[in-house]
Amino acid sequence: MSTEHLMGDVGAVFEALMGTADGPRQEGEKHLRNLTISTPADILLLLAQIGAQGVGGFQLDQRLLSLILLKRLAFKPLPGLFLNENSQHATAPFDVIRETTRGRIETVLCAGLKDEMDTRMRKGLGNCAATWAQESAARHRPLLPLPPILLELTASPHPFHRFTPFQLLDMTPTLLVDSVSDPLPAPQLAHVLLAGINDPSVDVRVEAMKAVRSVLMEGVTGKEREEIGSQMIHQAFQSLPRLPSNLLSHALVPLVDLASVHPNLFLPTLSDTLPYLLSLASPPSSSVPHQFSPYPPSRVGQEEWEEIANPATEILLSLIELRPSQLEGWESGRVARELVGLLIGRQVGSFEVDCQDWLDATNLEEEDEDYPVFAEEALDRLAHALGGSTILPALSSQVESLLAQPDWRCRYCALVAIAAVAEGCLEELQPRIRDVLTIISPTAKDPHPRVRYAFLQCLGQLCSDCEGIMQREYQNDVLQVCLQLLEDPITRVRVHSAACLTNFFQDVEPESFASYIQPLVGTLLRLFRAGALYLQEQVLATLSNIALGAMETFLPFYRDVMDLCIHTLANATSSDQHKLQGRAMECASLTGSAVGKAAFAGDAVKVAQLMIIIQNALQSDDVRSAYLMDAWTSLCQTLGDDFEPFLPQVIPPLLKAASFKPTKPDALLSSFEESTPDTEDALVASNTSEMDEKVQAFENLTLYAFTMRAKFEPWLMHSMELSLGGIVDRYSEGVREAAAFLVPGLLQVAKDAKVWNDSPNNLIEVFQRVINAITKESDPSFLALLYKSFTDSLHVVSLSLPSNLSAQLINSTEAHLRDLKSTRVDREIQSDYMDEADREIYLEEQENENSALDQMENSLIMIKQFDENEEFSDRIDRVQRLRAEVRKRGLKEDEPDGM
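Residue numbers are given in the UniProt record's numbering: position 489 of the sequence shown equals residue 489, and the series is strictly consecutive.
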């Protein structure tokens, strides 16, 4: 087979694709597709020859592009290329060409892997060969020529040759198992990997670490993992100190993945690995005269150190979270003691002494990308994993000394550390709240504003996390200090004091703060009149929460607050005040909800009219959209039937949002990128805000349907069509879930409005499409939701289904049950080969399956309740017995895990 006649065409395609102009690039891609459709074997072989062997004398970048095109073209169905001219289903070129051509291409790729000397080309060849092996194996056609080359390259004197086998094993971890006639035994596979971990070349060692990760996670059985895994982890940690600091993070990341899934592999060598990981988490030296840990400061720069410390800390946290008793028991809790100090030390060293930028900030909505969140999040995880009995003593030994330090950063970090661990240490913290308040209260008057800010952060976190103790027993302490700090000279502290109050009022009884409502509301209204925009926004949010906490006792202050909201809605019309308008909608609707319909009804019309004006003026990506959605639902719940006049304004935008479909990007311009994400994932990722609005729209439609009942009827048909499409949405689990809840609500609308009484076909279509969705669904979690939607829907209509629909549901249920039984029996058979991580994954899957089984039972009971057909009754009984049998199969929680 000669490919020379295509050389000119392919060269022209390369030139077009490597250019920057979209037009020629699109034409080049189109031409290459047409060439592939007309002569798939020649094109694939030529691309392989150019990339792997340098045929045609092309430059390096063109050869690399050739390999990218080969792996993208070979396995992607092409419209116009058919395996069977009669059926005309788009087919991938790989599946059309002859086996002899496939063999020639593989020979070319393997020759390139053996002979190529350029390191960039070798990486491109490795990626291409790995993809070819994966796709070939997926078609039950193992790539037999590749494993011998791989094993041969491990003994090469050239490090860039030895690199390739581990690159391939990282990408195709089962290569030495399913692409050989005799699978390599686990000890021999371990020998290959250990040789890479200890290779003289640092690049080979790092790549071998990645291969170890992939092989242990996907390339061996659970029993084989137990046999060889701990040894490889131990050798990996022995190798890490010999890596240069700029490569160390790359070698640690694969170990993060292993620790998060297979923590038991790390347990036999904790005494070696834990001190090393803790030492890596020691930050560079700071000017603070406080010893955070026994480890010497890191000698590398802050940025390079973080790249190392982040994965090292993540390994520690994963082990602590997944195996808390073993990690807590190691050297009497040494890990927690030292890690708490290391994390606080990291936090302190992350701040600049000067904080003028923080003081000058006015847009608090923009997340501070430089804020060191890592340490606080790690402390939170640590506290949840080990609890207060371990964490609080370790924290106390640091906090008392830090609060006495002259450097504001120490005092700040001590306070935010308490806030970070509060929720995880709740049980042990609750009896000691008074002691905590005694320790932190002096910082409310700290001379540095960021420390006062941190005090409020800590106080607000305690209000949120301590299950009402702060509101019941320490309300005077909290409210007095917040009132004081509402008068702070620094605006950001005043704002945070108001924010702290929102936390306090989320879990409170009105009588516990009645005497504070007047001074709080008065102070907040005064701050609003004289405050900056971001302070005004927080004031309205805080007033909303106070009103909700006070309920009808807020009536004496209702007029002033509602007038403020209405004035803001009418007059805060500039673009920079959009969020302020949103907060005013929120405050007005929630305050009205708090005081009740009788007091709010007159103002509700004014608020709604202003909201309509705002809604009609919305711009794309308008921050007010979400506030409008929430405010309308709040008004609906408060006004009940009296909300009906506003439905024509509220429902159409929701229907529009619920109708959104992701737009497909230009396929030509992205087809040949080196890394092309899954198409559906890419669609969702590129339309995140619109998909979030779609989910919210379905949720709000559900609320309006159930609240307004028959008055929702004008939008019944459109909403039902959207919901029945939503339950089979390909792009979003959230949409499917919200749509499933909407279906029974809309059936209630139809029932109350009596609009389908004479049109049974509408009901039949609804149940037909829900049952069709059940029939096609394979995910147990969503299957449970669909069955619940069906059961609730049948409960609403309280009618027997046509016999064909009942039969279809029973048949589908029986088919699902047989599939589940087969899956569970397979798990029983495989249980001896599972390690603990595998078992945990499968047991979690079984929990989802059990939820589906429960919902299946409810649906069958509901059918039987409304259908007296004896034949159906007998069939349902048989299916119920099968369901009970399936429930008994599979893994058992109390089974030994074979460890």
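Hints in this document: simulated from the structure, not taken from any laboratory.
Take the hints with a grain of salt, since some may be wrong.
As the list claims (entries may be wrong) - The calculated DSBU-like cross-link candidates involving lysine-lysine, where the alpha carbons are at most 30 Å apart (straight line), are:
1. K821 x K711
2. K661 x K711
3. K821 x K751
4. K76 x K711
5. K821 x K776
6. K754 x K821
7. K579 x K754
8. K864 x K76
9. K597 x K661
10. K788 x K892
11. K114 x K223
12. K579 x K597
13. K776 x K711
14. K597 x K776
Each hint, compared with the structure:
1. K821 x K711: Roughly 46 Å separates the two Cα atoms, so the pair is violated.
2. K661 x K711: holds, 28 Å
3. K821 x K751: violated, 38 Å
4. K76 x K711: Distance ~51 Å between K76 and K711 Cα, so the pair is violated.
5. K821 x K776: Holds: K821 and K776 sit about 17 Å apart, inside 30 Å.
6. K754 x K821: violated, 43 Å
7. K579 x K754: violated, 42 Å
8. K864 x K76: violated, 48 Å
9. K597 x K661: violated, 38 Å
10. K788 x K892: Holds - the C-alpha atoms of K892 and K788 are around 26 Å apart, at most 30 Å.
11. K114 x K223: violated, 34 Å
12. K579 x K597: At roughly 26 Å apart (the allowed maximum being 30 Å), K597 and K579 satisfy the hint.
13. K776 x K711: Between K776 and K711 the Cα gap is close to 34 Å, so the pair fails against 30 Å, i.e. violated.
14. K597 x K776: violated, 46 Å
Figure legend: structure checked against the earlier numbered hints; hints not met, in rising order: 1, 3, 4, 6, 7, 8, 9, 11, 13, 14.
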